[in-house]
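There are 2 protein chains.
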Amino acid sequence: MQKLINDPDNYVDEMVDGMVSAYPERLTRVDDTKVLTRDSLIDGKVGIVTGGGSGHEPTHAGYIGDGMLDGAAAGEVFTSPTADELDTLAQACDTGEGVLCVVKNYEGDVMNFDTAAEMAEIEDVTVEQIVVDDDVAVEDSLYTSGRRGVCGTIFVHKAVGAKAAAGGSLEEVAAVGEKVIDNVGTMGMALTSCVTPAKGEETFDLGEDEIELGIGIHGEPGTERTDQLSAEEVGTHLTENVLDDLDPAAGTEVAVIVNGMGGTPLSELFIVNNAVQSTLEAHELDTWETMVGDYMTSLDMRGCSVTVCTVDDELKELFAAPADTPALTRAGDDE
Amino acid sequence: MQKLINDPDNYVDEMVDGMVSAYPERLTRVDDTKVLTRDSLIDGKVGIVTGGGSGHEPTHAGYIGDGMLDGAAAGEVFTSPTADELDTLAQACDTGEGVLCVVKNYEGDVMNFDTAAEMAEIEDVTVEQIVVDDDVAVEDSLYTSGRRGVCGTIFVHKAVGAKAAAGGSLEEVAAVGEKVIDNVGTMGMALTSCVTPAKGEETFDLGEDEIELGIGIHGEPGTERTDQLSAEEVGTHLTENVLDDLDPAAGTEVAVIVNGMGGTPLSELFIVNNAVQSTLEAHELDTWETMVGDYMTSLDMRGCSVTVCTVDDELKELFAAPADTPALTRAGDDE
Numbered sequence: 033m034q035k036l037i038n039d040p041d042n043y044v045d046e047m048v049d050g051m052v053s054a055y056p057e058r059l060t061r062v063d064d065t066k067v068l069t070r071d072s073l074i075d076g077k078v079g080i081v082t083g084g085g086s087g088h089e090p091t092h093a094g095y096i097g098d099g100m101l102d103g104a105a106a107g108e109v110f111t112s113p114t115a116d117e118l119d120t121l122a123q124a125c126d127t128g129e130g131v132l133c134v135v136k137n138y139e140g141d142v143m144n145f146d147t148a149a150e151m152a153e154i155e156d157v158t159v160e161q162i163v164v165d166d167d168v169a170v171e172d173s174l175y176t177s178g179r180r181g182v183c184g185t186i187f188v189h190k191a192v193g194a195k196a197a198a199g200g201s202l203e204e205v206a207a208v209g210e211k212v213i214d215n216v217g218t219m220g221m222a223l224t225s226c227v228t229p230a231k232g233e234e235t236f237d238l239g240e241d242e243i244e245l246g247i248g249i250h251g252e253p254g255t256e257r258t259d260q261l262s263a264e265e266v267g268t269h270l271t272e273n274v275l276d277d278l279d280p281a282a283g284t285e286v287a288v289i290v291n292g293m294g295g296t297p298l299s300e301l302f303i304v305n306n307a308v309q310s311t312l313e314a315h316e317l318d319t320w321e322t323m324v325g326d327y328m329t330s331l332d333m334r335g336c337s338v339t340v341c342t343v344d345d346e347l348k349e350l351f352a353a354p355a356d357t358p359a360l361t362r363a364g365d366d367e
Numbered sequence: 033m034q035k036l037i038n039d040p041d042n043y044v045d046e047m048v049d050g051m052v053s054a055y056p057e058r059l060t061r062v063d064d065t066k067v068l069t070r071d072s073l074i075d076g077k078v079g080i081v082t083g084g085g086s087g088h089e090p091t092h093a094g095y096i097g098d099g100m101l102d103g104a105a106a107g108e109v110f111t112s113p114t115a116d117e118l119d120t121l122a123q124a125c126d127t128g129e130g131v132l133c134v135v136k137n138y139e140g141d142v143m144n145f146d147t148a149a150e151m152a153e154i155e156d157v158t159v160e161q162i163v164v165d166d167d168v169a170v171e172d173s174l175y176t177s178g179r180r181g182v183c184g185t186i187f188v189h190k191a192v193g194a195k196a197a198a199g200g201s202l203e204e205v206a207a208v209g210e211k212v213i214d215n216v217g218t219m220g221m222a223l224t225s226c227v228t229p230a231k232g233e234e235t236f237d238l239g240e241d242e243i244e245l246g247i248g249i250h251g252e253p254g255t256e257r258t259d260q261l262s263a264e265e266v267g268t269h270l271t272e273n274v275l276d277d278l279d280p281a282a283g284t285e286v287a288v289i290v291n292g293m294g295g296t297p298l299s300e301l302f303i304v305n306n307a308v309q310s311t312l313e314a315h316e317l318d319t320w321e322t323m324v325g326d327y328m329t330s331l332d333m334r335g336c337s338v339t340v341c342t343v344d345d346e347l348k349e350l351f352a353a354p355a356d357t358p359a360l361t362r363a364g365d366d367e
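Protein sequences appear in the order of chains P and E.
For the first sequence, the numbering used here gives the first residue as 33, with consecutive numbering after it.
For the second sequence, the numbering used here gives the first residue as 33, with consecutive numbering after it.
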């Protein structure tokens with residue numbers, strides 16, 4: 033399998049450089065690290081940071097900018113950033129108001145963010161952490177105790193970023209993050225495996241006519257392998273499973289992400305979206321907003337995930353607030 | 033090859049529905065057509081429309097919204113919309129100030145837009161057309177007399193959309209479109225063929241270790257097939273070829289798109305971007321802005337294109353002006 037790369041060993045390093053050279057006025061790389069921060073911090077604002085393995089672009093650094101993240105640490109492909117880098121990240125993004133770390137629930141990420149928090153606290157940086165575990169497919173998994181953190185993290189970034197931009201305290205910002213986590217669920221599926229740069233071939237075998245439901249963003253096993261399903265069957269199955277977990281009352285408003293895994297044409301995501309919306313309607317839910325695109329990918333995997341978040345006035349205001357990042361821009365209401 | 037579809041015959045129809053159900057407050061479908069328009073037209077503004085074959089998403093309808101397009105017609109996959117649909121499109125987007133059609137240079141598109149313009153003029157809609165032919169790779173091609181229209185069209189949409197939003201007359205709007213066309217060039221490459229929904233298998237054969245340089249967005253033949261190249265070689269080759277065509281003076285400012293073909297991980301595009309920027313620097317050009325992502329795709333093709341547009345104060349102002357569309361949002365300077 034061919035890829036547009038140079039030396040696989042330099043893949044993440046070169047990607048980080050490529051992001052900075054694309055957005056030199058937005059992003060700054062901390063020397064000798066794979067930590068990116070926004071070009072200049074905002075005094076008096078709680079810092080919002082995240083990090084994790086690479087291969088999920090535009091997650092993580094694509095969401096750095098006004099109204100979302102202040103910084104992100106990139107690990108090697110599908111590998112947690114080191115505690116040292118996460119400590120550097122937290123320190124780099126603190127203006128004295130403390131730093132909120134948005135952690136996806138993988139054992140390596142949780143452990144390294146924990147250690148980094150202890151290291152940063154020694155340097156008088158107050159750190160809070162919230163752990164996203166939105167994947168409803170499986171309870172434990174290959175790299176996870178408890179549920180995996182996947183595309184619902186985008187809603188967490190948006191809410192905590194907006195709350196911090198509005199002047200929220202560290203405690204208040206963490207609280208809205210927890211609120212999103214309590215109200216969001218995601219499930220994914222794959223038509224094909226992803227191909228990591230180091231290996232250069234498919235990570236797992238999936239027959240030409242097989243698909244895998246409930247798969248994770250690193251290709252971790254899901255709930256079942258089945259024969260090929262139609263877009264309608266896929267969209268319905270994923271949405272039903274998420275709703276089964278969230279169990280929202282009829283009439284509830286929801287925000288939705290139909291997310292591509294990296295190798296899926298946008299047109300196919302729109303076709304899946306029809307079934308997602310029909311399923312929401314069948315449950316008498318009211319779609320407040322839908323996002324369709326590649327928000328949290330798995331390299332070149334073909335497949336999609338469906339994320340549903342129930343929203344109230346507070347979350348709607350935070351989700352709709354202005355944001356200006358490479359991967360997500362909201363013009364705001366006054367445009 | 034599996035795809036997330038239902039009946040291939042309904043692919044475009046369902047995609048158009050999926051776009052409307054994702055963005056019901058932004059997009060309206062004209063009954064019994066594959067024409068999408070913005071939810072409500074702006075009185076006194078020149079209408080900006082485009083169209084072409086499907087399979088290039090987010091092109092075309094993804095650029096409908098404030099500051100860009102008023103409407104777009106979707107043909108079947110890689111097939112021009114009919115003259116009837118394009119006539120409907122022009123009429124639907126006219127508020128009395130006339131309509132500018134942005135046409136990519138393919139024989140079917142040019143012919144059908146020409147016929148549609150004649151039909152619309154009968155209904156007293158003043159129509160101007162501009163034809164984008166930014167692909168520097170080949171002079172004539174499978175579906176083309178003269179050069180192909182590819183990803184440089186995004187810059188055309190942005191400039192004419194901003195000019196129209198600023199109150200420009202039909203003549204003035206067409207003039208800035210021609211100005212972009214005169215100053216933009218693109219070249220693409222592919223690692224793999226795309227797979228159309230109808231055929232379900234690769235459109236053309238490319239060996240496991242081969243790539244094709246100068247390829248079109250429908251998989252039309254390029255300039256050469258070669259053994260696998262590194263990201264650096266690809267980025268350099270494409271950029272050098274575009275610059276060879278544009279021949280900008282040292283010190284010129286340029287806007288750049290590193291565009292994915294649909295199946296390429298975003299991380300790889302950032303790696304290619306390093307070579308693009310190095311090449312621009314070697315030519316003593318000053319990068320004013322870079323966009324990296326999937327702007328004009330070829331279904332699930334793996335590959336990329338590089339677009340360079342030389343910019344002056346007028347084009348920079350138009351490119352930076354606010355826009356709010358599903359695929360491209362600009363917050364504007366006052367954010």
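Because the hints were derived from the structure by calculation, they are not lab data.
Keep in mind that a hint or two might mislead.
Derived pair list, reagent style SDA-like, types lysine to any residue, alpha-carbon separation capped at 25 Å [to be verified]:
1) P:231 / E:348
2) P:231 / E:241
3) E:231 / P:345
4) E:348 / P:348
5) E:231 / P:348
6) P:348 / E:77
7) E:348 / P:58
8) E:231 / P:265
9) E:231 / P:231
10) P:348 / P:200
11) E:231 / P:259
12) P:348 / E:356
13) P:231 / E:356
14) E:231 / P:198
15) P:348 / E:56
16) E:231 / P:58
17) E:77 / P:56
18) P:348 / E:260
19) P:77 / E:363
20) P:231 / E:364
Hints, verified against the model:
1. For the proposed pair residue 231 of chain P and residue 348 of chain E, the alpha carbon gap of about 43 Å is over 25 Å, so the pair is violated.
2. For a cut-off of 25 Å, the pair hint linking residue 231 of chain P to residue 241 of chain E stands: about 16 Å separates their Cα positions.
3. Between residue 231 of chain E and residue 345 of chain P the alpha-carbon distance is near 47 Å, which puts this suggested pair outside the 25 Å criterion.
4. For the suggested pair residue 348 of chain E and residue 348 of chain P, the alpha carbons sit about 34 Å apart, so the restraint of at most 25 Å is broken.
5. Among the hinted pairs, residue 231 of chain E with residue 348 of chain P is inconsistent with the structure: their alpha-carbon atoms are about 43 Å apart, more than 25 Å.
6. For the given pair, residue 348 of chain P sits about 32 Å from residue 77 of chain E by alpha-carbon distance, which is inconsistent with the 25 Å threshold.
7. This hinted pair checks out: residue 348 of chain E and residue 58 of chain P have alpha carbons roughly 18 Å apart, not beyond 25 Å.
8. Annotation: proposed proximity of residue 231 of chain E to residue 265 of chain P holds, straight-line Cα distance about 21 Å (limit 25 Å).
9. With a C-alpha separation of about 30 Å, the suggested pair residue 231 of chain E and residue 231 of chain P falls outside the 25 Å cut-off, and the hint is violated.
10. Restraint check for residue 348 of chain P and residue 200 of chain P: the C-alpha separation of about 16 Å stays at or below 25 Å, so the hint holds.
11. Note on residue 231 of chain E and residue 259 of chain P: the hinted pairing holds, with a Cα-Cα distance of about 20 Å set against a maximum of 25 Å.
12. Restraint check for residue 348 of chain P and residue 356 of chain E: the C-alpha separation of about 19 Å stays at or below 25 Å, so the hint holds.
13. Proposed proximity of residue 231 of chain P and residue 356 of chain E is contradicted: the alpha carbons are some 40 Å apart, above 25 Å.
14. Between residue 231 of chain E and residue 198 of chain P the alpha-carbon distance is near 51 Å, which puts this suggested pair outside the 25 Å criterion.
15. Of the pairs offered as hints, the one joining residue 348 of chain P and residue 56 of chain E holds, with about 17 Å between alpha carbons and a cut-off of 25 Å not exceeded.
16. At roughly 43 Å between alpha-carbon atoms, residue 231 of chain E and residue 58 of chain P are farther apart than 25 Å, so this suggested pair is violated.
17. A hinted pair counts as satisfied when its Cα atoms are at most 25 Å apart, and residue 77 of chain E with residue 56 of chain P does not qualify at roughly 35 Å.
18. Among the hinted pairs, residue 348 of chain P with residue 260 of chain E is inconsistent with the structure: their alpha-carbon atoms are about 48 Å apart, more than 25 Å.
19. Taking the CA atoms of residue 77 of chain P and residue 363 of chain E, the gap is about 21 Å. The hint holds against a cut of 25 Å.
20. With a CA separation close to 43 Å, the supplied pair residue 231 of chain P and residue 364 of chain E exceeds the 25 Å bound.
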